[in-house]
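So you can see what is in the structure, the chains are spelled out below.
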Amino acid sequence: MSDGPVKQMGAIDEVRLWDPLLRAFHWLLVLFVVTSWLLGKFGPDQMTLHFWSGYVVAGLLIFRLVWGFVGPPPARFSHFIRGPGAIAGYMRGMFLRQPSYWPGHNPLGALSVIAMLAALAAQITTGLISDPDDYINVGPLASYVSSATRSKAVGWHGLGSTLILLLVLIHVAVILFYRFWKHENLVKPMITGKKLIRRR
Amino acid sequence: MRLILTAAALATIPLAAIAQDDPIRNTIEARQGFYKMLAINMGTLAGMAKGDIEYDETGASLAAANIEALAGYDLPSLFLEGSASGEVDGTAALPDIWEDMDDFRAKFDGLREAAAGASTAVTGGAGNVGPVVGKLGGACKACHDDYREKG
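Taken in order, these protein sequences are the chains called A and B. Letter by letter, the first sequence follows residues 1 to 200 in UniProt numbering. Letter by letter, the second sequence follows residues 1 to 151 in UniProt numbering.
Only true hints are included.
The following label-pair restraints were derived from C-beta to C-beta distances:
1) A:Val66 - B:Pro23: 57 to 65 Å
2) A:Phe180 - B:Asp89: 48 to 56 Å
3) B:Asp89 - A:Ser147: 15 to 23 Å
4) A:Phe177 - B:Gly72: 55 to 63 Å
Since the hints were made in silico from the structure, they are not lab data. Predicted, not measured: the structure shown is a model, and the values here were computed from it. All C-beta atoms in this analysis are idealised placements derived from N, C-alpha and C, irrespective of residue type, glycine included.
Whenever a hint applies, use it, and build me the whole structure from the sequences.
Quick look at the structure:
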């Protein structure tokens, strides 16, 4: 395996890493997760916009799931979901003050990707089945679960919003860590699609 | 054996009597009955607003009048000290209610304001029910968000 920080030979090239659909997905997800979150906390009592924003997030997640199987290699789950060995190997070099030049989601970052996608999927599920007993913001699938479940789902949805906030804050903090500690800009590749990677 | 059973049965009688006289239990049952009545009438209006129930002016007006009447009751007086979730079982009333009883009362006043005039506002067509349900539902939400245990 060439995951360790030790083997760092190989030329550094700029390649087209993130395809246009994946980039569009990412920034739309940013927009609609933030919108959903803010509408949930501070929006109008009648949460119609929150609902619609949530449906968009659901659609984006479905796209990402499909893209994870049929998209270009860097988008595929099989490409970036790695075992504990690869994760440990990546972490050994993580604090070096040099860019990772990693071709895609690195093995540790993959965990973050999966955690965010899973948390959002769970959040959509609990939202769809929530019944806050206010007769105006009842999830469209609430009538398909027991009254105890649809009532509990409201609490889970609230906890979920905190979890998502935490995961997003970690995500942004790590981006900043790469930018200022490792001198690697990860935002620009997600905009232009192009990233410096080390050929291995 | 029969003696034991009889004794056991007799022993439960004073317990049942105590349970009925327990002011905390009474107050919880009373407010849950209140919410049940509110829910039945809200269900009628929300059903008509969504089209699940066929609109009829008399029925809508009656349901709204019931909600107006319920909103006139001094519900916060049923929130006795010691009847919070965590202190007793079978209630979703968060202790925060007692931390800020004035705000809790203000939230209930919000329902009263939302309900004011509802019985006439829902007349004249199914399209008039939605806005009333929206106002009432907003008052439900405002209080549930802060003072109702989730799940």
